[in-house]
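Student: Residue-level listing of the chains:
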Amino acid sequence: MKSNYVVYIATAIAIISIISAVYVYAHYEGQNADLHSTVSVLQSDIVNLQSELYKYRNLTLVDDYGYVLNLTSYPDRIVSLAPSNTEILFAIGADDKVVGVTDYCNYPYNFSAWIEAGNLTSVGEYWTPNIEAIVALEPDLIFAAFAQEEVVNTLRGMGYKVFVLAPDNIDDILKNIILAGRATNKDIEAALLVNNLRLRIDAVVNKVADAPSKPKVYYEIWYDPLWSVGSESWEHELIEKAGGINIFADQTIDYFMPNSEAIIECNPDVIIFPLGHGVGQPFWISFDQVKARPGWEAISAVQNDRLCTIDADIVSRSGPRIVDALETLAELVHPELF
Amino acid sequence: MSAKGVETTYSERVSRWKLMVIILAVALILTIVLSLNVGFAQIPFPTVLKILAKRIPFLGNLVDSSNVSYVEETIIIQIRMPRILAGALVGVALAAAGVVYQGIFKNPMADPYVLGVSAGAAVGASLAIVLGIGFTLLSLSTVPISAFAGSLLAVFIVYNISRVGSRVPVTTLLLSGLAVSIFLSAIVAVLQVIAGERLHIIVFWLMGGFSYVEWKDVWAVLPLICLGTAVIYFYARDLNILALGEETAQHLGVDIEKVKKLLLVFGSLVTASAVSISGLIAFIGLVIPHITRIMIGPDHRILLPTSMIAGALFLVICDAVARVIVSPVELPVGVITALSGGPFFIYLLRKKKESYAI
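Chains as they are written, first to last, in my numbering: chain A, 1 to 338; chain B, 1001 to 1358.
Just so you know, the hints here were simulated from the structure itself, not pulled from any lab data.
It is possible that part of the hints are untrue.
[Unchecked claim] Derived pair list, reagent style BS3-like, types lysine-lysine, alpha-carbon separation capped at 30 Å:
1) A/K161 with B/K1050
2) A/K175 with A/K97
3) A/K161 with B/K1054
4) B/K1261 with B/K1106
5) B/K1216 with A/K161
6) A/K175 with A/K241
7) A/K291 with A/K214
8) A/K241 with A/K214
9) B/K1018 with B/K1352
All values derive from a computational prediction rather than experimental measurement.
Build out the structure end to end from the sequences listed, making use of the hints.
Tutor: What follows is the structure, given as structure tokens:
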């Protein structure tokens, strides 16, 4: 009984300290080195307290597909089934718990070197991860992502704890970072990260709010066949937040195949090509080829030479670097403001 | 030749057939046990045997399984066992259906998919994937169930298009199967276009494979495939008579329309069951019957059982190869079946040289 009271008091202290730490950190970051180090010391105390507290209760989390996950202890062996999950886990400092990643995971470190050195295991590629490889790692928590229902169902059927991070928009990505923090006992790191990301998003949104005009943006995911983004994709959300207008905003779908004529008719001011997904080389081959596409000489972006590339990884991964993507897009859409 | 002579020849043949079936069955069981040892995780073969022996009543208590880890047991029992058995079942089903369709249509191009089973299953599965339906029925997920329903619906449509009164002319059946397949494939193409980020799931389903097969999938199709193949085997003699031509069969007292319908129904049933858990695996149903026919002759009483076991054997081996050839990535098993079986089939055809008919 007595130890329970200690726990309750400790909880109260911990919660108050977290709030004040986040507040202090958010407002004085970088301005006062002494304060900063004090906060760091405070943080590590809280982290210790927190893990003590955790032993006394169970944790219930709900994932993006509505699955309710009960955790009775913090995970020690995490498998990430997507690059976005890996980036989130490393950004919140859960890196020492990650034992398995996919072949596509390449950030924040060159994981293939780690895998070759035997410090980390690959569970195969994203679309069809190797279930034996996952099970052999004896994971106590697995983070899955989009379009992995089949492997998720099989793993859950075998009794493994699987949490799916499949966000619809940037807010969901931030929420998922918090959830990943909860699940891995990195609440504070996650809260600080999300706070920082929010500040950066607000900074971009405020900056582009002053822009005199909103350029029309065509975002090309693939050529032959043409693929672009509709209003259900987060590329759309990024373009709009970066102060542009997605020319296919009226398409209520995530990704789709537009008609070349429709693009010419919409007359985009900027055309953006993501570089790096699927293949290393640009799928559009060269900007000269783009300009030579039949009828495209009529497009304003072609006439004004506003064809740009962006790193596909930062745009297409639902992790913390989505804010890097937003900042880069804002610079591409509104070069006059940066 | 005297009547007695014929009888002896026949009983000799039967005993040779029995031997052949036994040899193939033993080979299949050995292959299944050996392929349990094949996969990403390196599990020593003695451990695999211990895990298996532990499950055998009485004998299990004698096995010292103290050094078998929980993970090893999970991988063998929960992952490899169901997928290997699913491979065997699908091989049995597709080969049996292949023999039946080639027999009924008297057409070497016929395979289990001629009546639109594959296209129907593809529409059902793609629809479930695109709509992202999450519900489960009898604890099975939506994709296999809608694939199963789609394939049976397609066969039902094909059958009714070609029905003339109570007769079902095989040429019409073949052509309407083709037409419905083309139509349904176009629907799959439309679904792929609007699938967006879920396109990949459809593509992988269409390639077929056993990567995520669970025990419950095996239990769901096992009774259907057993029942279907048993009925088909029961009519093996009638398939022989059908091969003489429908008119001759009629004269010999076979109710060909009834036999044809029964065989079509159960052939479709086993194919639909197989496709629902494995996706579309090409080649097995087309070529395994031909290979066994070249090797042992056209009598359906032996062709059916040997084709079924050979189909299972071939698919289990192909799946084992698919698991490890570019590990940890898995190749779709349909790729392996076509890559390895194609050249072998061509070799047999060339070696046979003399003209070859069903």
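Student: If a hint holds in the structure, say so; if it does not, say that too.
Tutor: Hints, verified against the model:
1. A/K161 with B/K1050: 28 Å, holds
2. A/K175 with A/K97: Holds, because 21 Å separates the two Cα atoms, which is no more than 30 Å.
3. A/K161 with B/K1054: Between A/K161 and B/K1054 the Cα gap is close to 27 Å, so the pair holds against 30 Å.
4. B/K1261 with B/K1106: Cα-Cα ~15 Å, so holds.
5. B/K1216 with A/K161: 19 Å, holds
6. A/K175 with A/K241: 18 Å, holds
7. A/K291 with A/K214: Distance of about 23 Å is within 30 Å: holds.
8. A/K241 with A/K214: 11 Å, holds
9. B/K1018 with B/K1352: Holds, because 24 Å separates the two Cα atoms, which is no more than 30 Å.
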